[in-house]
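K.L.:
We have chain A; now place chain B onto it with these hints.
The residues making up each chain are set out below.
Protein chains: 2
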Amino acid sequence: MNENKISNRSLVTPPSFIRGILKVTENEEVISFAGGLPNPISFPKEALKESTQRVIDTFGSKVFQYASTAGLLPLREGIAARLNEMYEMDITAEEILITTGSQQALDLIGKVLINQDDAVIVEEPGYLGAIQAFSQYQPHFLPIPLENDGMDIRELEQTLKENRVKFAYLVPNYQNPSGVTYSDEKRKEILALARKYDCILVEDDPYGELSFDGKPRGYISAHDLEGSILLGTFSKTVTPGMRLGFMIVRDAKLRKYINTAKEAADLHSNIFSQYIIWDYMMHNPIEAHIAQIRNLYKAQCQTMLSAMAEYFPKEVTFTKPAGGMFIWATLPKGQSAMKLFEKAKAEKVAFVPGNPFYTDGREANTLRLNYTNSSHEMIEEGIIRIGKILTT
Amino acid sequence: MNENKISNRSLVTPPSFIRGILKVTENEEVISFAGGLPNPISFPKEALKESTQRVIDTFGSKVFQYASTAGLLPLREGIAARLNEMYEMDITAEEILITTGSQQALDLIGKVLINQDDAVIVEEPGYLGAIQAFSQYQPHFLPIPLENDGMDIRELEQTLKENRVKFAYLVPNYQNPSGVTYSDEKRKEILALARKYDCILVEDDPYGELSFDGKPRGYISAHDLEGSILLGTFSKTVTPGMRLGFMIVRDAKLRKYINTAKEAADLHSNIFSQYIIWDYMMHNPIEAHIAQIRNLYKAQCQTMLSAMAEYFPKEVTFTKPAGGMFIWATLPKGQSAMKLFEKAKAEKVAFVPGNPFYTDGREANTLRLNYTNSSHEMIEEGIIRIGKILTT
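If you're matching them up, the sequences are chains A and B in order. Each step along the first sequence adds one to the number in the numbering used here, with nothing skipped, and position 351 is 351. Each step along the second sequence adds one to the number in the numbering used here, with nothing skipped, and position 372 is 372.
Source of the hints: derived by calculation from the structure; they are not laboratory data. Being a predicted model, the structure only gives us computed values, none of them experimental.
Under the rule of at most 30 Å between Cα atoms (straight-line distance), these lysine-lysine pairs were calculated in the DSSO-like manner:
hint, chain 1, residue 1, chain 2, residue 2
1, A, LYS339, B, LYS253
2, A, LYS256, B, LYS343
3, B, LYS298, A, LYS62
4, A, LYS388, A, LYS320
Just chain A, same shape as in the assembly:
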């Protein structure tokens, strides 16, 4: 088909770099730190199986019929109750919209808020799923460099001062790809700046419950929700396969537009799965389940960090995550992570070169390493292989 039939929107949307990378990892022999898959222990198989039975037996046809766009009310009430308890928030079920994974929330946000060339702030490096989703609506990206405790506040204020920014997207806890967590001080400053410059704060928190110290950090605007959109998901704590996430939007007018966009996007999210997740939450000790995931990831992360400290040359720096699924490494200036990736491929070990996490698609000297899906032995062996390449 002639390319002139394709919308400009689609012509400028980058296909996922990672999906390409992942092809390499299909080879069984390859040790892959490239993906971002939760460890299968995080799927409570038997409990979910019981829930599927129970919801069919209890609700019958309702779990198979069309449903409301906003989502299953009891599930939304359960989410509100849990967040209110964990983070001392005061959200209501009405302010929650169930989405087909957080990815859909990102698409809806771009759709409802971005006019072509609107200024949008993202982290640098930033989550590539968000960069991809927003790109479709052709914004003007304003990347703010990440430091070890969050966005560079000076840059952020300068950028907000000089531009009419539609919204700022950030991942405050154990960010993807960097593993960085925002300090309490920067959280206060960012919230103040967002309010001062009337910039919508879009906070994505897929990893918040995976804090290694078990201490929940929560959302920057948890206690000042006006003008913010908060995202959450069940993908990292129960199952990503059911594609269930949620948005918290206090502003009623904005919520109405998002609801209409959601309706046009898929009418509503899978209601059978919404019943299952809700039933699972009601009948199982989800906190104990999450603690188990948290402890596994903490140990895997520690193994990778120790191996990197031992086998990587000193010039290679890397983050020390307090939770989540990723470590971010930086090679000496001028070195290409893509070239390293090619060499690593030959040694049967994979990671994600930093390139797709920058809106300018630069040739990066950074890389993302995932530790949640490999045994301790494989983590050590994989890091040894990369270390060998780096030291020769």
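P.N.:
For chain B alone, kept in the frame of chain A given last:
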């Protein structure tokens, strides 16, 4: 939140008229012909329950993990095999993309093909879910009047001649809202015109398997797929709650863009449900199941048509569907279906006034009646009530 923060795209997207209408029908006493819900007998509850067990026991974590954007390969192979057999087509699994209901397919088509002000042909009256999805991308709608055997061919050719049309969207079988089915002759003419004017044909076939005579009519471009996009769904034959539909796109380049848009929209559709639907197809006599739905709807439709013939004044005309879920009635010129709706509300009977099925949002003298979700007694009683209003 200030409206100037909302994208133009969202400002021009109509919220669903029907969702509003449906509020009326929440009242138990109201006889509703307004919805478009499949009859619950179409949900094979027990078989689906068995399938949930089997796929969890057989595939374990795989059914809960992230999956590929295009969808579960065995499911796509099953869809291809079934369509190839039913309609003597020659599609491959590779040409099929699983979507989160057909609604998502409509959104992806608008996203990937429509630039603002692009000319898009729709049926008049047309499916409002499509009008809503496409509206977001701000096309110039070119509605082609529907006759009892399909689009007005003269109007269609004139329109194709005078405009550079990006694509034409139509529902060839038991159309929503009209219940109209395209004649073999018009199918040939439309295919020829689409090819002559290089216009992409988007064919949506949610009701194709619900033909009252059991004879499958299939897609207009079934044997000339280049330059066409075909849609299908499990919503009317197995369950709408799982939100699973599919797109058939032969053109590899177009498929690549749609796949990227799908990835940005929700990464992939619910994989647990994809396994369930596939397992259901493999282990159950789906044809017998569909025949049961078909026969129920045929009888319900007959009851409504007979009642309309008996209780509606002669000046009110209506379609005689050969399948599907809807009858379309036309009041004498100048009469308002919306006013009729208000009076009907008082008599505790509901339907959908024609307004939202026209891209110009006109005050229509037409209405859509759904017969799949009411008992024969309720169908007769509801038509009697509407008839009374029409005759007084």
